[in-house]
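S.K.: Below, each chain spelled out in residue letters.
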Amino acid sequence: MRKSALFVPGNQASMHVGAFAFDVDAIIFDLEDAVALHHKDSARTLLRHSLSTLTMFKIPKYVRVNPIDSPFFKEDIAQMIQAPIDGLMIPKADAYNLLQIIKWCEQVETQHSKKQTPLWIIVETALGVETLWDMVNTTDRITHVLLGGEDLMSDLHVKQTYNRQELAYPRAKVAMVSKAKKLLCYDTPYVEINNEKGLLEDAIQAKNVGFDSKIAIHPSQVDVINAVFSYTEEEINQAKEIIEAYNQAQQQGLGAFSFKGKMVDKPVLNRAMHIINSIEGNKHD
Amino acid sequence: MEIKKAAQAGTYESNDVYVQLFENPNHTIDIQLTSVVIKQFGEQIHQVIQKTLKQFDITSCIIVVEDKGALDHVLAARIESAILRSLS
Amino acid sequence: MTNQAYAHRITPLTTTRHAIKERNDTNFVKGIQTMFEHITLFDGMSVSFHHHLRNGDYWLNEILLELEKRNIKNITLVASSLFDVHQKIIPLIKNQTITKIYAAYVSKKVGEVISEGYLKDGLVMHTHGYRALMLTHHLVSVDVAFIVASASDKQGNASGSLGKTPCGVLGYAIADAQSAQQVVILSDSIVPVDKPEIHSDWVDVVCEVDSIGDASGIVSGTTQITKDPIGLKIAQLAVDFCEAANIIKENMSFQSGAGGISLAVMDKLHHHLKNKNIKALFASGGTTKLLVDMLEDNTVSQLYDVQCFDLDAIQSLAINKNHKKMSAMEYADITYKDNIANKLDVVFLGATEIDLDFNVNVTTGSDGIIMGGSGGHADVANGAKMTIIVSKLMQSRLSVVVDKVTTISTPSEDIDCFVCEFGLALHPRHQALADHLKKTTNLPIKDIRELYDLAISLTGIPNKIAFADQKIGVSLYRDGSILDELYAIASV
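Residue numbers (the working numbering), protein chains in the order written: chain B, 1 to 285; chain W, 286 to 373; chain S, 374 to 865.
Among these hints, one or two may not hold up.
Ranges between beta-carbon positions, derived for each pair [said to hold, decoys possible]:
#: 1; chain 1: B; residue 1: 100; chain 2: W; residue 2: 336; range: 34 to 42 Å
#: 2; chain 1: S; residue 1: 693; chain 2: B; residue 2: 247; range: 23 to 31 Å
#: 3; chain 1: W; residue 1: 373; chain 2: S; residue 2: 802; range: 55 to 63 Å
#: 4; chain 1: W; residue 1: 308; chain 2: B; residue 2: 107; range: 35 to 43 Å
#: 5; chain 1: S; residue 1: 654; chain 2: W; residue 2: 332; range: 49 to 57 Å
#: 6; chain 1: S; residue 1: 864; chain 2: B; residue 2: 270; range: 39 to 47 Å
#: 7; chain 1: B; residue 1: 249; chain 2: S; residue 2: 823; range: 35 to 43 Å
#: 8; chain 1: B; residue 1: 165; chain 2: W; residue 2: 336; range: 54 to 62 Å
#: 9; chain 1: B; residue 1: 168; chain 2: W; residue 2: 373; range: 43 to 51 Å
Covered, in the sense of this in silico footprint (three residues per stretch, anywhere, with C-beta under 8 Å from a C-beta of chain S), are these stretches of chain W [what the hints assert, rightly or not]:
#: 10; segment: 327-339
#: 11; segment: 347-356
BS3-like mimics (lysine-lysine), calculated; alpha carbons at most 30 Å apart, straight line [stated by the list, open to error]:
#: 12; chain 1: B; residue 1: 74; chain 2: W; residue 2: 289
#: 13; chain 1: S; residue 1: 662; chain 2: S; residue 2: 568
#: 14; chain 1: B; residue 1: 266; chain 2: S; residue 2: 837
#: 15; chain 1: S; residue 1: 647; chain 2: B; residue 2: 197
#: 16; chain 1: S; residue 1: 811; chain 2: B; residue 2: 58
#: 17; chain 1: S; residue 1: 812; chain 2: B; residue 2: 266
#: 18; chain 1: S; residue 1: 649; chain 2: B; residue 2: 260
#: 19; chain 1: W; residue 1: 339; chain 2: B; residue 2: 114
#: 20; chain 1: W; residue 1: 289; chain 2: B; residue 2: 40
#: 21; chain 1: B; residue 1: 197; chain 2: S; residue 2: 600
#: 22; chain 1: S; residue 1: 652; chain 2: B; residue 2: 260
#: 23; chain 1: S; residue 1: 649; chain 2: B; residue 2: 3
#: 24; chain 1: S; residue 1: 844; chain 2: S; residue 2: 777
#: 25; chain 1: B; residue 1: 266; chain 2: S; residue 2: 716
#: 26; chain 1: B; residue 1: 260; chain 2: B; residue 2: 240
#: 27; chain 1: B; residue 1: 266; chain 2: S; residue 2: 758
#: 28; chain 1: W; residue 1: 336; chain 2: S; residue 2: 837
#: 29; chain 1: S; residue 1: 600; chain 2: B; residue 2: 40
#: 30; chain 1: S; residue 1: 649; chain 2: S; residue 2: 811
#: 31; chain 1: S; residue 1: 649; chain 2: B; residue 2: 197
#: 32; chain 1: W; residue 1: 339; chain 2: B; residue 2: 40
#: 33; chain 1: S; residue 1: 622; chain 2: W; residue 2: 324
#: 34; chain 1: W; residue 1: 336; chain 2: W; residue 2: 289
#: 35; chain 1: S; residue 1: 844; chain 2: W; residue 2: 324
#: 36; chain 1: S; residue 1: 652; chain 2: B; residue 2: 197
#: 37; chain 1: B; residue 1: 260; chain 2: S; residue 2: 622
#: 38; chain 1: S; residue 1: 819; chain 2: S; residue 2: 600
#: 39; chain 1: S; residue 1: 812; chain 2: B; residue 2: 262
#: 40; chain 1: S; residue 1: 493; chain 2: W; residue 2: 324
Hints were generated in silico from the structure; no laboratory data involved. Heads up, the beta-carbon is just placed ideally off N, CA and C, and yes, glycines get one too.
All chains, full assembly: derive it from the sequences and hints.
M.R.: The following block contains the structure:
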């Protein structure tokens, strides 16, 4: 089980430093969807500078480059591999384009004497889902797999259903393949940023299918995702029961109280509080 | 190298900087800087501008820099982008 | 607190002028021209105003402009605070109509002019609590107090809760009403007032005017909870710290500043207290909807209110018996034995700068220009058991953590903890607590020097601001002692 990973817009200078304040296992700087077409070149340059300068922050750094069929792909890879990154995130990966992608990476790495760059592939096309097993067997560069639900639904020409049944198979496949090859798998972003209940349910679904964690597209999602993936369902339920027992003890005017035969001391109570607080996320009225 | 084609890069957002490059008929480097932190970092910002222009062998331009508190590396990046756009 | 020498006194303590204030019937007039006929005006006079109308205030400007028209010079302005709306008095500073100012807060538009050296006899920046002390102990003599009230009867029983545009409790005006030589009430609603905050006994003139000020400026000046995810993270960290340090408990008392992050702390504290089923004893300060919500859902038993920031606060004050008014004396005057500031368990405040010794500046920007002031900052920081400064580490390339603050508004002795997005630093007096928290929690406990080094590694070292030799004022502590001196900025 892992902490979340946070997407940060590649062209937004103010967020490049701020991103490192959040409790995540990876920061993913985005050159793709978060950057407008006329800013793609300047985002790339800014990001290269940021990555070279912000080395005092130790959270692993990834860069989502533009897709291979875009005019920006080659230069993205060429420049990002020169910066101190922990890996590249590859959109719309499938077994066919992956070969070309790796070839280009190798060329750049040789040119600049760089080690092999780890890859975080995004499975967001039907072809990507079906050829996932081939992808992970073609190269040892892949360390993470992200399921890209939004683009995948477009490819399938379907709309999101309330319980995301359209993702049942892709989720299962990504989790299965990742576990078979001991890779980390991250679930698709939840795009309704203000819907914390929806995010919680979606994250639990992903966890139940075997995902290690879930991508956050906004910092407000980080705590909820971390809570879901940090604690087992048993721990969460137990936390709820402890708080319930505590409230009852309070009402009866009891100071100390016991739960399942044991006295509950402050660290246990605090942990239960923390679990409940994290799950309830950042609520405002 | 002399800047001939006008170009710009950056944004007016907080912690960013907007850089504009123009041809200079006087064939010198003319720096026009405004910054929300001019008192505290004016000289340092000038140094970054001059260093970046030198790095790209720019000998003539009018460079207008409107700074909203960008860190040095952001400034260098935006100047580099403006130069590349001008030269392309 | 010991009795200090009050170095800035402008009039010796006398018994004559105040003891024989004549008890005449209150004069009721319409319009300020007639009002001026009933008060004594002279060069060198001192006038006072409260700031309960914030940026909706109108009459401070109009009355001072009127005094200028009548050729009154060398006025001492004893304003509880000055906002940007008061920039109309800038010409009066420059032409020496106004030569001295006492204030707890001066916003940048007026502050700039003072920082440029125009205020001839200087600026005395004090806390809310010390202003109350100065006035009620006659350390500063006020010749005319102009008190805008949203409602008054013809005798001068006045209130901020009734009338056409209620502005809420008049906490900062009580000292003025009790101590000034002449007291003028200005109101646009002459009506019966059953629970007056200002008593007719203290009042000389009631002046009816068309409007007390701009309603939208009065209640909308308040900051909102920050939406910035970094600010929210800082707020959560502050609450997590309080939980780990055992500050969150039944019958606790707390206050926050009015900044975006401080308000976010209130919101998160509310949820935390609700989840833990804890009831706080009271919350105090300037009140907002956030605090009113806590009162109404029983998270807090009482609110002690010295100024209302929004309509919800004004309405709650009028109808809820547990929403209590307090004067500046009851709030923060150190000679008031039971002042509320001294009863606080924890307070959450902002800062422009905090230095490696934990001194805090809220008075000048890091460009040296006056843009704020202690207000209640030093009062509650000193009074509260735990004082927590919440702020981002950097604002537009300027580090909040500095090696030495530009101006001391609140001294190191009163600051306990600094919380930013990259960690929290405890004052050295809490070393044992810091060590304990490092061992038993995941809280990012850091040395304040680490946070400083991180900021400087990103921003670079800023130029020190050059000040001129000209002294332009002082920053006073809540007991009247001088914390720091204010200097004009060097001309470019």
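S.K.: Give a verdict on every hint.
M.R.: Hints versus structure:
1. B:100 <-> W:336: 34 to 42 Å: 38 Å, holds
2. S:693 <-> B:247: 23 to 31 Å: 26 Å, holds
3. W:373 <-> S:802: 55 to 63 Å: For residue 373 of chain W and residue 802 of chain S the Cβ distance comes to about 60 Å; the hint holds.
4. W:308 <-> B:107: 35 to 43 Å: 37 Å, holds
5. S:654 <-> W:332: 49 to 57 Å: This hint holds: roughly 56 Å between Cβ atoms.
6. S:864 <-> B:270: 39 to 47 Å: At roughly 56 Å between Cβ atoms, residue 270 of chain B and residue 864 of chain S fall outside 39 to 47 Å, so the hint is violated.
7. B:249 <-> S:823: 35 to 43 Å: 41 Å, holds
8. B:165 <-> W:336: 54 to 62 Å: Since residue 165 of chain B and residue 336 of chain W have Cβ atoms about 57 Å apart, the given range 54 to 62 Å holds.
9. B:168 <-> W:373: 43 to 51 Å: About 47 Å separates the Cβ atoms of residue 168 of chain B and residue 373 of chain W, which means 43 to 51 Å holds.
10. 327-339: The restraint on the segment 327-339 of chain W holds, since 3 of its residues have a Cβ under 8 Å from chain S and three suffice.
11. 347-356: Three-residue rule met by the segment 347-356 of chain W, so holds; n is 4.
12. B:74 <-> W:289: Given pair residue 74 of chain B, residue 289 of chain W holds - Cα atoms ~28 Å apart, limit 30 Å.
13. S:662 <-> S:568: Between residue 662 of chain S and residue 568 of chain S the Cα gap is close to 23 Å, so the pair holds against 30 Å.
14. B:266 <-> S:837: 48 Å, violated
15. S:647 <-> B:197: It holds: about 19 Å lies between the C-alpha atoms, which stays within 30 Å.
16. S:811 <-> B:58: At roughly 19 Å apart (the allowed maximum being 30 Å), residue 58 of chain B and residue 811 of chain S satisfy the hint.
17. S:812 <-> B:266: Holds: residue 812 of chain S and residue 266 of chain B sit about 15 Å apart, inside 30 Å.
18. S:649 <-> B:260: Holds, at roughly 20 Å.
19. W:339 <-> B:114: 28 Å, holds
20. W:289 <-> B:40: 23 Å, holds
21. B:197 <-> S:600: OK: residue 197 of chain B and residue 600 of chain S at ~19 Å, within 30 Å.
22. S:652 <-> B:260: 27 Å, holds
23. S:649 <-> B:3: At roughly 26 Å apart (the allowed maximum being 30 Å), residue 3 of chain B and residue 649 of chain S satisfy the hint.
24. S:844 <-> S:777: At roughly 19 Å apart (the allowed maximum being 30 Å), residue 777 of chain S and residue 844 of chain S satisfy the hint.
25. B:266 <-> S:716: 26 Å, holds
26. B:260 <-> B:240: With a Cα-Cα distance of about 13 Å, the restraint between residue 260 of chain B and residue 240 of chain B holds, given a limit of 30 Å.
27. B:266 <-> S:758: Distance ~22 Å between residue 266 of chain B and residue 758 of chain S Cα, so the pair holds.
28. W:336 <-> S:837: 24 Å, holds
29. S:600 <-> B:40: OK: residue 600 of chain S and residue 40 of chain B at ~28 Å, within 30 Å.
30. S:649 <-> S:811: 24 Å, holds
31. S:649 <-> B:197: 21 Å, holds
32. W:339 <-> B:40: Cα-Cα ~25 Å, so holds.
33. S:622 <-> W:324: Not OK: residue 622 of chain S and residue 324 of chain W at ~46 Å, beyond 30 Å, violated.
34. W:336 <-> W:289: Holds. Residue 336 of chain W to residue 289 of chain W sits at ~20 Å (cutoff 30 Å).
35. S:844 <-> W:324: 21 Å, holds
36. S:652 <-> B:197: Cα-Cα ~27 Å, so holds.
37. B:260 <-> S:622: Distance ~25 Å between residue 260 of chain B and residue 622 of chain S Cα, so the pair holds.
38. S:819 <-> S:600: 26 Å, holds
39. S:812 <-> B:262: Answer holds: residue 812 of chain S to residue 262 of chain B is near 24 Å, not above 30 Å.
40. S:493 <-> W:324: 26 Å, holds
The structure fails hints 6, 14 and 33 (numbered hints given earlier, in ascending order).
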